[in-house]
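Residue numbers (the UniProt record's numbering), protein chains in the order written: chain A, 1 to 380; chain B, 1 to 392.
What the hints contain is simulated information worked out from the structure, not anything from laboratory work.
Think of the CB as a built atom: it goes at the ideal place given N, C-alpha and C, for glycine as much as any other residue.
Some clues are possibly wrong.
[Claimed, not checked] Some residues of chain A that are not near chain B, with every Cβ distance over 12 Å (derived):
hint	residue
1	LYS35
2	LYS43
3	ALA59
4	GLU61
5	SER73
6	THR192
7	GLU250
8	ALA286
[What the hints assert, rightly or not] Straight-line alpha carbon distances no greater than 16 Å define the calculated EDC-like cross-link-like pairs of lysine to aspartate or glutamate that follow:
hint	chain 1	residue 1	chain 2	residue 2
9	B	LYS116	B	ASP136
10	B	LYS181	B	ASP121
11	B	LYS266	B	ASP277
12	B	LYS266	A	ASP301
13	B	LYS2	A	ASP208
14	B	LYS368	B	ASP121
15	B	LYS2	A	ASP29
16	B	LYS266	A	ASP174
17	B	LYS67	B	ASP121
18	A	LYS318	A	GLU374
19	B	LYS266	A	ASP6
20	A	LYS144	A	ASP221
21	B	LYS2	A	ASP2
22	B	LYS40	B	ASP121
23	B	LYS181	B	ASP136
24	B	LYS110	B	ASP121
25	B	LYS368	B	GLU210
26	A	LYS318	B	GLU287
27	A	LYS318	B	GLU230
28	A	LYS144	A	GLU61
29	B	LYS266	B	ASP335
30	B	LYS266	A	GLU368
31	B	LYS2	A	ASP6
32	A	LYS43	A	ASP29
33	B	LYS368	B	ASP235
34	A	LYS144	A	GLU110
Residue strings, one per chain:
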Amino acid sequence: MDFTLDSEQTALRDAVRGLLGKAYGSSEDRRTVTKTDPGWDEKTWQRLAEMGALGLPFAEEDGGFGAGPVEVSIVAEEIGRVIAPEPYVEAVVLAGGLVAAAGTAEQRAEIIGALAEGTLVPAFAHTEAQGRYGQRAYAVTATKDGDAWTLSGVKEPVLGGARADLLVVSADVDGATALFLVQPDASGLTRTSYTTFDGGRAAHAAFDSTPATPLGEPGADQSAVIAQVVAAAQIAYGHESLGAMAFALETTTEYLKSRKQFGVPLMTFQALTFRAADMYVSLELARSTVTWATLVLLDADADATLEAASRAKLQVSKAGRHIGQEAIQLHGGIGMTAEYSVGHYTSRLTAIDHALGDGRYHLSALSETLDDHEVLEPLP
Amino acid sequence: MKLQLSDEDVAFRDEMRTFFTTQIPQDIRDTVTARRELSKDQIVRSMQAMNAAGIAVPNWPVEWGGKDWTPLQRHIWHEEMQLAGVMPPLAFNASMVGPVIAAFGSQEIKERFLPKTANLDIWWSQGFSEPDAGSDLASLRTTAVREGDEYVVNGQKTWTTLGQYGDWIFTLVRTDPNVKKQAGISFLLIDMTSPGLTVRPIELIDGGHEVNEVFFDNVRVPAENLVGEENKGWDYAKFLLGNERVGVAPVGSTKRTLAQAKEYAKTAGPGGTSLLDDPLVAAQIVELENDLLALELTALRVVANSADGKPHPASSVLKLQGTVLQQAVTELWVDLAGPNALATGAGDGSDVPDLARTATTNYLNYRKASIYGGSNEVQRQIIAGTILGLRG
């Protein structure tokens with residue numbers, strides 16, 4: 001049992017931190033980048049590609065770098081520290097992960113290498129206005145005509161959906177949920193982009209008899225594959241949240257030291273420092289569960305991974321709300337302003353919380369298996 | 001990074017599990033599992049069984065019966081013990097006075113006390129808190145005045161847990177009133193049969209007698225019973241309170257109590273139905289299990305990463321969150337017991353399950369957990385000051 005990074009992993013962390021620190025040295029840099037489409041910086045994405053960060057989770061024969069969940073978690077956490085708007089979890093872990101898990105060898109070779117090189121940015125079009133969370137697709141249906149497939153219906157909000165060079169779309173096939181690839185210039189595809197509250201972009205993606213290529217086995221139910229890849233993304237989001245929560249706490253702590261009222265620093269007031277201490281407790285507890293979930297994912301037991309991802313998401317949901325809300329409150333009025341950093345962190349934590357299942361969703365899911373065990377045993 | 005225990009640690013875990021589930025007398029484990037109070041005799045037999053196997057005081061130096069275990073192995077030892085319904089070795093002996101004597105005592109004092117302390121032939125009581133020195137322990141006022149080869153002790157200690165069983169008491173006493181309060185304190189060992197020493201019980205809100213007041217009226221203590229140097233007692237007390245990284249949070253026993261609660265809930269609904277079918281009950285238990293998982297993993301991070309001797313910063317979370325969850329599970333038990341929680345005084349003829357009868361006394365009793373050993377407010381002060389650097 002070991003919860004520490006090895007020297008290569010530490011070097012990766014330092015390199016990513018250096019790169020992102022330059023790109024987003026102040027929260028003003030992020031505001032500038034998120035003001036114009038696509039809401040993130042193509043140059044920063046290229047640099048992440050050159051560093052190898054975009055190919056980390058993929059097999060070398062598919063064009064990736066053959067690393068694993070721990071390396072992905074390191075990048076995600078650094079993304080979270082500066083709340084970099086680049087779609088690392090969304091494009092690499094989620095959309096790329098689906099291609100890697102469900103795609104044919106030919107599809108993997110075509111897509112993964114380009115993703116790793118930064119030349120192809122995919123997005124997963126899964127969420128539906130009435131779909132809430134989970135693996136099922138309802139609003140987009142797939143129809144087969146000979147060997148050709150078309151999709152009809154609407155996906156929304158699709159994170160990064162308008163900028164995407166390739167859409168991975170979930171669709172209903174007679175009650176099963178299958179996956180398809182849709183090219184950005186496909187006929188009958190209309191993508192309408194808008195901003196999300198955290199500075200990102202999402203799209204209304206309408207499909208009208210849009211030609212689509214089955215990802216992997218045509219028409220087969222892939223909800224189990226979706227669940228596994230979503231679990232990996234949930235865990236990576238957990239690390240992105242850890243980075244954001246750590247920064248929010250550090251910023252709050254520094255503010256309590258430097259801000260003076262009544263002629264003394266705010267840290268003179270125990271009512272404030274005790275709340276900062278509780279934020280630290282929330283952060284460390286979340287860090288333990290999320291790090292554990294990454295190691296469960298590393299062991300690749302499918303059922304254990306689903307459960308661990310839910311446990312991590314539940315813990316992070318609670319911690320993210322607690323730390324995000326308190327970070328604003330302990331700052332006072334300045335924490336409410338767009339010019340100051342901390343509110344953007346709360347905003348981003350809120351966005352992550354409601355992507356891929358919030359705390360309550362995972363609490364319900366875990367309730368279903370409450371009677372399967374006497375006690376939880378975290379170690380295999 | 002990896003989750004798996006090494007083969008060596010897996011073997012160690014199996015060895016501990018086998019020992020605790022087969023070598024500790026069943027009546028003791030049954031009493032612990034029923035969440036009833038252990039008798040003095042049971043506590044003594046339990047620790048002596050461990051000491052006979054050489055595993056009562058693994059945290060001590062090897063030459064005095066300690067084990068050259070890693071922090072992770074000590075954690076495993078502690079968890080397996082709790083999961084098996086075994087009371088940890090008496091803390092006053094094993095975690096408090098023993099390590100202090102071993103670290104700071106003279107060779108003579110070590111030989112005189114350590115073997116009997118490890119075997120619970122001497123039952124130690126703790127004489128730290130006073131009526132006006134709780135969280136602010138250094139304000140203690142019990143005095144020890146040197147007269148020839150003796151100290152004359154006067155004053156009062158309080159919250160002395162299980163002091164009614166005590167043979168000896170280790171005390172912090174003021175030996176120099178004219179210096180900064182921390183600098184005038186000494187660590188003195190006192191025979192509880194000494195003339196002038198009286199123990200008075202304090203009844204608690206659960207109706208139990210667990211703590212006591214101890215009065216010192218011109219108690220004459222041989223000067224050779226001083227541990228280490230005079231006026232260095234505060235350093236020794238800080239060592240005692242601060243050097244423990246294993247077993248800070250009662251993870252194993254809280255897990256066991258929560259598992260029992262879940263089992264009880266399965267037939268505790270109307271007409272013997274399962275309360276787990278109530279989504280609010282299920283959600284509450286899921287959250288507790290998840291919080292307990294986070295706590296256990298934090299404890300594992302602390303022990304796995306403290307092999308170099310430096311305490312892990314997250315260790316301060318353990319006492320705080322450990323007691324929060326310990327209390328939350330006792331509260332859950334009262335909720336699950338519902339009207340049965342009133343049957344605290346029921347005897348053998350009662351239809352109310354035993355664990356439901358003790359639910360409320362345990363709930364009330366464990367309000368103590370966030371107060372003793374440095375209250376949770378003191379823990380927040382430590383986190384804010386030491387870790388976050390927020391010093392008022």
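Each hint, compared with the structure:
1. LYS35: holds (34 Å)
2. LYS43: holds (31 Å)
3. ALA59: The claim stands: A/ALA59 keeps its Cβ more than 12 Å from every Cβ of chain B (closest is about 20 Å).
4. GLU61: holds (25 Å)
5. SER73: Its Cβ does come within 12 Å of chain B, the nearest being 9 Å, so this is violated.
6. THR192: Answer for A/THR192: holds, closest chain B Cβ roughly 38 Å.
7. GLU250: Not fine: 9 Å to the nearest Cβ puts A/GLU250 too close to chain B.
8. ALA286: violated (7 Å)
9. B/LYS116 to B/ASP136: violated (32 Å)
10. B/LYS181 to B/ASP121: violated (34 Å)
11. B/LYS266 to B/ASP277: Cα-Cα ~9 Å, so holds.
12. B/LYS266 to A/ASP301: violated (29 Å)
13. B/LYS2 to A/ASP208: violated (48 Å)
14. B/LYS368 to B/ASP121: Cα-Cα ~28 Å, so violated.
15. B/LYS2 to A/ASP29: With a Cα-Cα distance of about 37 Å, the restraint between B/LYS2 and A/ASP29 is violated, given a limit of 16 Å.
16. B/LYS266 to A/ASP174: violated (39 Å)
17. B/LYS67 to B/ASP121: Answer violated: B/LYS67 to B/ASP121 is near 20 Å, above 16 Å.
18. A/LYS318 to A/GLU374: violated (24 Å)
19. B/LYS266 to A/ASP6: violated (45 Å)
20. A/LYS144 to A/ASP221: Holds: A/LYS144 and A/ASP221 sit about 15 Å apart, inside 16 Å.
21. B/LYS2 to A/ASP2: holds (5 Å)
22. B/LYS40 to B/ASP121: Distance ~12 Å between B/LYS40 and B/ASP121 Cα, so the pair holds.
23. B/LYS181 to B/ASP136: holds (11 Å)
24. B/LYS110 to B/ASP121: holds (15 Å)
25. B/LYS368 to B/GLU210: Since the Cα atoms of B/LYS368 and B/GLU210 sit roughly 11 Å apart, the hinted pair holds (cutoff 16 Å).
26. A/LYS318 to B/GLU287: Judged against 16 Å, a Cα distance of about 10 Å means the pair holds.
27. A/LYS318 to B/GLU230: violated (50 Å)
28. A/LYS144 to A/GLU61: Distance of about 31 Å is beyond 16 Å: violated.
29. B/LYS266 to B/ASP335: OK: B/LYS266 and B/ASP335 at ~14 Å, within 16 Å.
30. B/LYS266 to A/GLU368: At roughly 14 Å apart (the allowed maximum being 16 Å), A/GLU368 and B/LYS266 satisfy the hint.
31. B/LYS2 to A/ASP6: Holds, because 11 Å separates the two Cα atoms, which is no more than 16 Å.
32. A/LYS43 to A/ASP29: holds (13 Å)
33. B/LYS368 to B/ASP235: violated (26 Å)
34. A/LYS144 to A/GLU110: violated (24 Å)
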